[in-house]
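Asker: For this one, chain A is given, so just place chain B on it according to the hints.
There are 2 protein chains.
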Amino acid sequence: MSFIENLKNCWQQNNSLVCVGLDPDLLRLPSHFEKTADSIFEFNKDIIDATHDLVCAYKPQIAYFSAISAERQLEKTIDYIKSNYPQIPIILDAKRGDIGSTAEMYATEAFSRYNADAVTINPYMGYDSAEPFLRYKDRGVILLCRTSNSGAGDIQDLIVNGIPIYEHVAKLISEKWNANNNCLLVVGATWPNQMTRIRSIVGDMPFLVPGVGAQGGDVEELVKAGQTKNGTGLIINSSRAILYASSGADFAAAARAETIALRDTIDRFRNIS
Amino acid sequence: MSFIENLKNCWQQNNSLVCVGLDPDLLRLPSHFEKTADSIFEFNKDIIDATHDLVCAYKPQIAYFSAISAERQLEKTIDYIKSNYPQIPIILDAKRGDIGSTAEMYATEAFSRYNADAVTINPYMGYDSAEPFLRYKDRGVILLCRTSNSGAGDIQDLIVNGIPIYEHVAKLISEKWNANNNCLLVVGATWPNQMTRIRSIVGDMPFLVPGVGAQGGDVEELVKAGQTKNGTGLIINSSRAILYASSGADFAAAARAETIALRDTIDRFRNIS
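Respectively, the protein sequence lines represent chains A and B.
The first sequence begins at -1 in my numbering and counts up one residue at a time.
The second sequence begins at -1 in my numbering and counts up one residue at a time.
This is chain A alone, in the form it adopts within the complex (with noise of 0.2 Å):
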């Protein structure tokens, strides 16, 4: 099954839009774990067994393994949701991006090493950075378009014959990029008038959407301004507001809360029948 299915076949039996960013940082962890690289997965491990059910797709992010010589952590989490939880699509969060035989690399890395469904990219080097990633049709291929950051606008905001740089990027990936129908775009929570731009430019093509919860995006406006008719479209991650919401030996159970709340919110405006 692709992995455009995959997350389909999610959003519904789980009905939920809501992303788990597994983004570990050995300094917030839980006050009862060690500070020890080990502890990177056991605390994973507490997070998925308290949300799969709350979830259309897991998110680890590689800098947070690869900064503390922890591969080992990451090809474990991942191997522990495959095998527990194999309905749940995974995106390695990495914004890879180079050209030919190394863009070959970097999707080895992603897809066969650690067995990722999905994996960012960065669009700037244009089309034959892509394709690497893009030929494996069965994965997902999520494109950086307009990020979350205060900075996104430096360049991503230039104007280009009268329309900004983000949207030939939405443009270019919908028409030519996207021929194996498995691109997705990064469009972050907190510029929905941007997300309402380029859900009109890009149809159903779904969105991973960071920045909500620690970012500050606004879910009444991003929802209305993403969700395709069918109520779906948007993989909307949170990772330090689930992660951390307790310090405490009952940080699972404050994740597993935090979850519904972020779920139940993005429900109150989700076109829903």
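Please note that the accuracy of each hint is not assured.
For identical chains, the list gives no copy identity; a pair is met inside one copy or between any two copies.
Quick list of in silico lysine to any residue cross-link-like pairs, SDA-like style, CA-CA up to 25 Å [claimed, not checked]: (1) Lys169 / Asp77; (2) Lys33 / Ser99; (3) Lys33 / Glu102; (4) Lys74 / Ile157; (5) Lys174 / Val158; (6) Lys33 / Gly98; (7) Lys169 / Asp155; (8) Lys227 / Asn159; (9) Lys80 / Ala65; (10) Lys43 / Ser99.
FYI, nobody ran anything at the bench for these hints, they're computed from the structure.
In this text, all values refer to a predicted model and were calculated from it rather than measured experimentally.
Answerer: Chain B only, in chain A's frame:
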């Protein structure tokens, strides 16, 4: 000493603009190497020993290591250069790009875990994605500007207010991001006209130049387009043409000969009095 000072010293000391890119592909190692991750370090070590007096930098490409779980081989390769040839700057080619705490983790990966002297990053997400790297004042931050690949123009050549995006990026970096004087740009060897324009915008800011060798960039055109008045300003990378100059037991001698040939070709067009 800062990365750029270190680079200037190495340009002068070895009197070379050549950078050897370390892209060790198990499938292409000389036949007497076993096809295991350990061979990667042994291969790199032999290449480094054979070329250390001919280069201004080494550039390991991280995907060639991470795709096959060979992070340890990357650590050992960098340690080997630092221990034996400490005057040679090491560029980690990783093309990272993310925001806030995640960008901090990527900077930790490059500058603390691997102890690289410089790292390549992607500017698409804007200033706040670069800042966690830029704050390492003694390290180099090498931003993609005009890349060497055929699809580079898909986004980089879009015209904003009469000038292409890559020129906007060059201006932004030169005027706003370079407060610590630790920025460099990636400018592909395959686009000498674009390189001439970028050189006119950024003064003496050094360029990392991929695209000679296997990618076919013309050395005369690129050197004339990109060099500074004193005949430096360029880190001209060659990877596969040097690493795989021979597939036999003489690979290290062949790599040395190929490096000398590239250095000498470059020198024919340098402003050297």
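Asker: With reference to the structure, classify each hint as holding or not holding.
Answerer: Verification of the hints:
no., hint, verdict
1, Lys169 / Asp77, "neither (35 Å within a copy, 45 Å between copies)"
2, Lys33 / Ser99, "between (37 Å within a copy, 18 Å between copies)"
3, Lys33 / Glu102, "between (35 Å within a copy, 19 Å between copies)"
4, Lys74 / Ile157, "neither (44 Å within a copy, 46 Å between copies)"
5, Lys174 / Val158, "both (18 Å within a copy, 22 Å between copies)"
6, Lys33 / Gly98, "between (39 Å within a copy, 22 Å between copies)"
7, Lys169 / Asp155, "both (15 Å within a copy, 16 Å between copies)"
8, Lys227 / Asn159, "neither (30 Å within a copy, 37 Å between copies)"
9, Lys80 / Ala65, "both (24 Å within a copy, 20 Å between copies)"
10, Lys43 / Ser99, "between (34 Å within a copy, 22 Å between copies)"
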